[in-house]
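**Q** Chains as they are written, first to last, in this note's numbering: chain A, 82 to 308; chain B, 317 to 533.
Derived from the structure by calculation, the hints contain no laboratory data. Any given hint could turn out to be false.
A partial selection of chain A residues facing chain B, derived with a Cβ cut-off under 7 Å [to be verified]:
no., residue
1, L155
2, S159
3, C163
4, N169
5, L172
Each residue gets a CB set at the ideal place from its N, CA and C atoms; glycine is no exception.
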Amino acid sequence: MDEIRRTLNDGLWTSNPALVQLLGLCPLLAITTTAAYGFALGVATTAVLVVSNLVISAVRRALVPVVRIPLFVLIIASLVTCIDLLTNAFLHELHEVLGLFIPLIVTNCAILAQAETVASRRPVAISALSGFAAGLGFLIVLVALGALREIAGQGTLFAGAALLLGEDSDRFTIELPFDGVLAAVLPPGAFFGLAVLLAIRNLLVRERDPSRLPIAEEPATAAERTP
Amino acid sequence: MDTPKGSVAKTLMLVGFFAAAAAVLVAGSYELSHERIAANEREALLRNLYSVLDPDLRDRGLTPIQLTVTDRALLGSTAPTDVFVVATDDGRPEAVIFVSTAPDGYNAPIRLLVGLTPDGVLTGVRVLSHRETPGLGDAIELRKSDWILQFDGKRLGEPPEPLWAVDKDGGVFDALTGATVTPRAIVRAVRNTLVYFERHRDELFAAAREAAREARD
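Bound conformation, chain A alone (with noise of 0.2 Å):
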């Protein structure tokens, strides 16, 4: 129960693979222009680094330590490409929406670094959680992420979500009373968004417990903090 409890807290905050280990960040950066797209690649997201912590996991005790990357590498890339094949015949709606964010999950190096520290190490059960903990970590920074650069960027929240939900109505989008500006939607916005993100974390974390940053501390910022 602990154990479950522990591998949750994880990968939603303690070890977020988007705000702490900064990892996955080509997507995360690129797509994030709305809240819609950051939740569907999320979701994609989350899908893939389940399946492949299942199958990583599953085979764990026949990997070598000195070929395991280039072995990981393999399987996700391979998951990648069947499940984008099989949704695309089986599941021809949700492809339409989801299938553009398919391939870019494939450069997402989060998801070899659950393999590597966790689906390689641990019993398939936990992986799969561990797996579905950091990819819904990821999916909250996403959408989080995504309605800030709307919201900042294009003054509507949810635009487009109605998409992802297959109606073609735009009941779901709030249109705010400004116009906003460019530069939040284009890439210079998605770091300042993704700053902003981050110094609330650390904000949140240091209020916890002052005595520990979130981020491993260089010996000078540790010699300024003592008074």
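Let chain A serve as the given structure and place chain B on it in line with the hints.
**A** Below, chain B alone, put in the same frame as chain A:
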């Protein structure tokens, strides 16, 4: 991961085994899915076919006559390209629909539906399938932005040739913020389709009449 140091041969065999398993998995998925994917795409094509036509034409219940032509340079694909000639019962063409390909999309070729009047005026362009970057290049989808509508009413010579380009290159078509390759590819593909049509109009209409006659007899 406390596997004892295995011999090189053993490691190689392991890698070979996983590579073979992955190949079987991917090939199996492809085998299992490619017919369904083709059928899904076909269905999407037929569902969207009339969206590029003049609204008046859509409800008249005309049957599209399907032809296939191949022109890698102008229609963007080495594979046969579907062309639909929408004609009245006595074989008079009312519209033409090309399933063109923009071969130079950012991530993969972009498949387009290009609708024309018999005089070569564009009545609509839609994207059938693409792999452009979400949030940037995917604004070419009508449900995400109305960028694709700016082709309506255009033809060869209107705008004149040098202006058949995105505004970044001095043309009349809007580019998309953050995505230049995608609009460029589509503008070029639409223009090339118009060129193809201008060169082969009579052949196409003759072939359509022939096909319609055969179907009647």
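**Q** None of the hints should be skipped; say for each whether it holds.
**A** Each hint, compared with the structure:
1. L155: Hint holds; L155/A Cβ to chain B Cβ min 5 Å, cut 7 Å.
2. S159: 4 Å, holds
3. C163: At 4 Å from the nearest chain B Cβ, C163/A passes the 7 Å test, so the hint holds.
4. N169: 5 Å, holds
5. L172: Cβ of L172/A sits 10 Å from chain B, so the hint is violated.
In summary, the structure is inconsistent with hint 5 from the numbered list given earlier, while agreeing with all the others.
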